[in-house]
Every structure is written in C-alpha cells, then in structure tokens.
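Chemist: Respectively, the protein sequence lines represent chains G and B.
UniProt numbering applies: residue 1 is where the first sequence begins, and numbers increase by one.
UniProt numbering applies: residue 1 is where the second sequence begins, and numbers increase by one.
These are calculated hints, taken from the structure and not from any lab test.
Where hints are given, some of them may not hold.
30 angstroms max Cα-Cα, derived DSBU-like pairs, lysine-lysine [unchecked claim]:
| no. | chain 1 | residue 1 | chain 2 | residue 2 |
| --- | --- | --- | --- | --- |
| 1 | B | LYS79 | G | LYS253 |
| 2 | B | LYS79 | G | LYS310 |
| 3 | G | LYS150 | B | LYS79 |
| 4 | G | LYS404 | B | LYS45 |
| 5 | B | LYS187 | G | LYS404 |
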Amino acid sequence: MAADVHRKKGWEVPNGSLAPGDGQHVERSESPTPGLAQGTEPGAGQEGAMFVHTRSYEDLTSPEDGAAAVRSPEERQGEPAEPTSMEQISKDFSELSTQLTGMALDVEEEIRQSKEGKLEPSPQTTRRDSVLSGKEEEDVTMDAWRMHRKHVFVLSEAGKPVYSRYGSEEALSSTMGVMMALVSFLEAEKNAIRSIHADGYKVVFVRRSPLVLVAVARTRQSEQEIAHELLYIYYQILSLLTWTQLNHIFQQKQNYDLRRLLAGSERITDNLLDLMAHDPSFLMGAVRCLPLAASVRDAVSTSLQQAKAKSLVFSILLSGNQLVSLVRKKDQFLHPIDLHLLFNLISSSSSFREGEAWTPICLPKFNSSGFFHAHISYLEQEMDLCLLLVSTDREDFFTVSDCKRRFQERLRRRGVHHALQEALRTPFYSVAQVGIPDLRHFIYKSKSSGLFTSPEIEAPYVHEEEKERLLGLYQYLHSRAHNSSRPLKNIYFTGPRENLLAWVTSAFELYICYSPLGTKAGAISAVNKLMKWIRKEEDRLFILTPQTY
Amino acid sequence: MAQEAMPGTFLEGIRPTYIYKVVLLGSTSVGKSSLAYRYVKNDFKESLPTVGCSFFTQTLNLEVATVKFEIWDTAGQEKYHSVCHLYYRGAHAALLVYDIANKETLNRAKLWLRDLEKEFLPDEIVIALVGNKMDLAAEREVATEEGEEFARTKGLLFMETSAKSNHQVNDIFMAIAQELLQRERQKASAPSLHGRSTVDLGESRARTGCC
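If we strip away everything but chain G, and leave its shape as in the complex, we get (with noise of 0.2 angstroms):
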C-alpha cells in the first residue's frame, strides 16, 4: 500500500519516486457516492497523479513527528533518572535561566565580534534588506509586538536564535533561550515537549535536530495544524540549505549563528507564514489550478513536454500560486509540499521578474541531500506566467534556457497564446457559475490527484480580517475531520454567520460555505449539486492528463 511506503521517512526513501498506489480505476463513475473509489473522484488524473502520492493530511505529518522526540531521551540512557519533585524542578529551572543569561552574553559578543570581522555581513546591510522588504524590525518590548496573532522562532539546539516573524532575533535571544531550556528540560527527563496551552495561547513545539521550532499562536487552528505549519518552515530552510548541510555545519560547530547562511531570505520565510495563512492549499496539501480549457492546457503542457532536456527532471508553468501545467520526468514524482516551496519562492521575490535566474535549490520532500538547479523566468513582461525548469545538472543552465526558448516559439505555433492570455484575465471563478444561491464558498480536494479547487473568495468575504476568519472555520473543521484520536467523516457546522458542511471520504474532502438561514437539509442536497457541477467541469479545474517526458 501507498501509505506504507510513506512510512518511512523522506530522506530513506531514495529519492521519493514512489509510484502511485495501485488500483487507479479509469472508469469514472457518473455521479459520485459516498463508497467512491479513490482514483475515480472528479478531478482524479486520468493517467496517474503527478505528485507523490498522499493519502491524506497525516501522511504528510506524523510518520516523522514520532522520530526526532523520541531520539534525545535515548542519547541520556545513561544518566540515572532523579527523582522529581517540585522543588527540584525549580531549582533546575532557575539553574538553566542563570545558564541562559550567559548563552545570551555569548550571542552578544559574537554580534559584536562579527561586526568587527571581516567576512560576516554587517548589521547594517541586514536591516538595508529588511527596509527593502518593507518589514520594518519590531520593538520586541512594545505591546504591538506582544499582539501579534502567530508568533514563530526558529532556534538551533544551542539556543540560538535563526528565526523570528517579528522583531530582530538579536533581542530575543534570551526568549529564546528560555524556549531550549523547556525542551531540554524535559529531555533530561526521557520526555518530549509538544505543546503549552495557557490564557487562549498555543504554544507549539516541532524538534528537528539540529532545530527547534516553537510557535506562539492565538489562532483557531488545532496543535497539529500549528505543528504542520511549523515543519513547512523547517522545510523552507533545508530548500535553502539541504538536510545534510545543516547537519554538517552543527557537527562542526554547535553554537553556529544560522543567520548568517540565511541572510536576505528571511522574507521566504515571512511570505511562507503570510501564505499559510491566507490560502488553503497549505491547509489542504493540495495544489490549485488556473481553470483553463483542456484543449488549451493540452496544448501547453505537449509543449512543454517537448521542449525538454536531458537534465530536467520538472518543467511547470504557474501563475500566481495557481498551477497550468507540470511536466515531469517518467517515474520522477513531485511532492505537494516541495511545489509549494517552489510557489512560496517564485511570489516571494521580484527579482524573477528580470531576466533569467539560475538558482541551487533543494526539494526536501524530493531529496533533503542534494540541490536541484532551477531556471526560473516569466514568459512575457506583462504576463503573470512563469516557467520553471528543474534541472539536475547545474552546468546546463544554456541548455535548460534554450528549452524555454523552443517551449515559447511552440507555445506560439500552436496559437494558444491567446487563449491563454485571456484565462489569465479571470484567474479565478465565481461561486455563482455553481447555480447554488445559499452556497458561498467551497474548497474540493481530489485525493488521488493531490490538487483541489476552490472559487473566489466573494461578499461578504470582503475584507482580509473576514477571508481569514473563513479560511479559520475551515482549518478548524479540517482539524476535527481529521484529528488523530478521533477522526471524523462528516461535520455540520452551524455559526452565527454561516453554516459549514465538512465530507472527508478515502476519495476526496469537501468543505462548504453555506448561509446561515440554510438547513442541513439544503446543505445535503446543495452538495450533491456541487458535486455534480465539479465533476460536469473537472477538464477545466483540474488537471487530468499529466504529461511526462
């Protein structure tokens, strides 16, 4: 089975070419059940899924939570376990914060150091950059910084800061600090910290040896979801720097300052947390298309397809951080969360905008050891289409350039340039085109194909305070659907302001937005419709002939 392969862990798996389960049924059936095979959902590919293949949500989660806790407990076998009381653990306590305010000292001088050194890139270009970026750097003491709805530090096992959202990581390194004395105090006693929940906070912990993650969040989402968030940061961070680099740089020094390999990409990190929290594909682990018309996504993806090169091994085409085609190399299958690393960097940067990029980038999900190079260029000035090529030589950068070029004068010969011009226009569907009147907003995932559609957020969805509160309800749903201990199948939701109906089957996830004046059993039946229409539409939504080369 697909989901045992999946198992085991990402890096074991030589390099993640798991086939698709079996029983990938072509025949679809007319109008979908509740028993629906998976494989047969609308939106299932017709010819395999294009992604490594995801059962669901867990999948992607906790085969590795289990791992890294369990792995310092037993590196302490030796000590003789204390006894604990309350007294011992307060003296312990005040112990480490003494040691801590010394780690904070130690971070001090090596600030002072590296800006009297010579190689080290000085303070000051740092805050140029983060002037650029439009971020200016917090007050950590004031209240507005205290307001902040998620919080999320990154810190090496020495307790030093790689990370902050917001304020200069500088002034939280004695926070910090405080963050790896918690884990490393219930380490010493064969034990893990996941979470703290206090005065309406989560606090959320992921240890990925050699970092540690923590969130501070006052969100609805559930502590595996803030944990799953968590871990798409730790994979921004080996994307930029592979798994095995990290590990060799800890080896060889312990008390590294990170930040110094992660200068100038911190804002990959901030749009990342500002991504999640604004669109459902993170939420999801599925990936979105442009609606586009089968013949003219055909036509797309057969130049791709042909204007290939021995060393790519992925050709995509995206427009904002919705996807028009991917070509992949025949058993080489992309990771949903590796392509939203890829759409997270592409809308990070304008630097794209310009030119052509050549830039080492590692696919964790993929492969955590090694860089894959990527050429990254947007088709036309004015077009918001960009192609990238993944390739595995990093000398070939005129090769894979040349295979732009031949995909562009295909692109044209086959006169769909046009066409696709004018479906960039309308990135986005209505949820009207559905004919349903109480219906609102909807999200479908087809599991098999690991992508998912969803219309526009509209009225009264307006404002960004409300487009989050829904993106909310859904992540709270998604969280009781598929909470660990007690999974559920189907959930009717009724708020103040709308109702919300959740259906997970092995095949698919629907969550739907509903008025609240409707009833559930307007709710049931306005799901069948919808599915209905999904399905009447699935050439357009999704993408159901993947190519390869």
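Keeping the supplied structure of chain G fixed, place chain B upon it in accordance with the hints.
Modeler: Only chain B this time, still in chain G's reference frame:
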C-alpha cells in the same frame, strides 16, 4: 580569448562579433542587480535580494565590432558563495561592486579579487572595481581616492557609479568593452603559435556548459 560568434567575419568591411561573459560580484545589497538592470533596461527600482543568479544579455554596436555581453548577476548572500565559482568560471570580465557608504563591502570586494586571482591569469580577465551608490555621497565611508588607489595597485579599472541616478553605469561597461577589444587587438597582432586564437562558439559552449 573571446568567443567569436561568427568565425571568419574578420573579412574587410564586416565588423566582427564578440561574446563576452561578464560577472557581477560583491556583498549583499551593494547594488549589483540595480547596476545590471540600469545597464540593460535603463531603469531603476528597489529590488529584493537576488536568488541564485540572474542572466541578462546586452548587445553593443561599436564602430569596430559588435559586442554581446552575457551578464551574470550573482547573489551576494553567503549561502550562495559555494556555487559562485560556477558563475564566474570562464568569465571575460568581472565587476567587483562595493557600496561607497559601507566600508565593509570594499573589504569584501578585495576578498573577491583574491578569489579571482586564484582562478584566472592576469591577462585572462578584465576586472573593474566599482564603487556604487554615488547618490549616497553624504553617507560616504570610502573615499574616492581609496578605491582609486587600490584599483591602481592591482591594475583594475575603476569607477564610481550610481545605478539610482544613472551615473557612469554605461561608462563602466563601455570601458570594459574597450579594454576587451584592446586586448583582442593585441592578441591578433601578436604572432599566434596555435593558429586561430579565437574559440568557436558552439565548441566552447559544449565544453564549458553554463559558465
């Protein structure tokens, strides 16, 4: 040393075409991308740090020759340093860029020079030291004389520029083109032991790949 696009165009009356690989090196946010952007598009905008490197081309039609610059604009961030030699390998010219309002960046440029000296023989590459951000003259930390003096001792071209106010950006690239062509002439007049000294473009590409 240059790649000649059309071998055999040395015929009388036809200007030869040369392709030169130019690489921009320097610390983070000294204005490498802005210089490239100003030169290629004659425009300026605040840009975010470059990811990996960006590739541009610019063609110059000069009286004596057509020069096509292949410009590699590299990222200044430390994490890309391990791959940077890929970008400057096989380069014909390098711009070492520093920020006149940040002394530290000149020191970094000197380190880049040391790297280049390890990789290239002196006559293999034209190196220019470029003090950018002339528009920030009020915050200047590096005196013009200091850059000039360093460039003179090392035999580098030198100019202070501003990508923002378009000061001497064209000039520095033009100076590089002239220097490259000058070297081309010297080489042509010197008796060559190996026959044709220029390299066939197709051949060279196949051998050196992207760099």
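Chemist: Of the hints given before, which are not true for this structure?
Modeler: Of the numbered hints given earlier, the structure breaks just one, which is hint 5.
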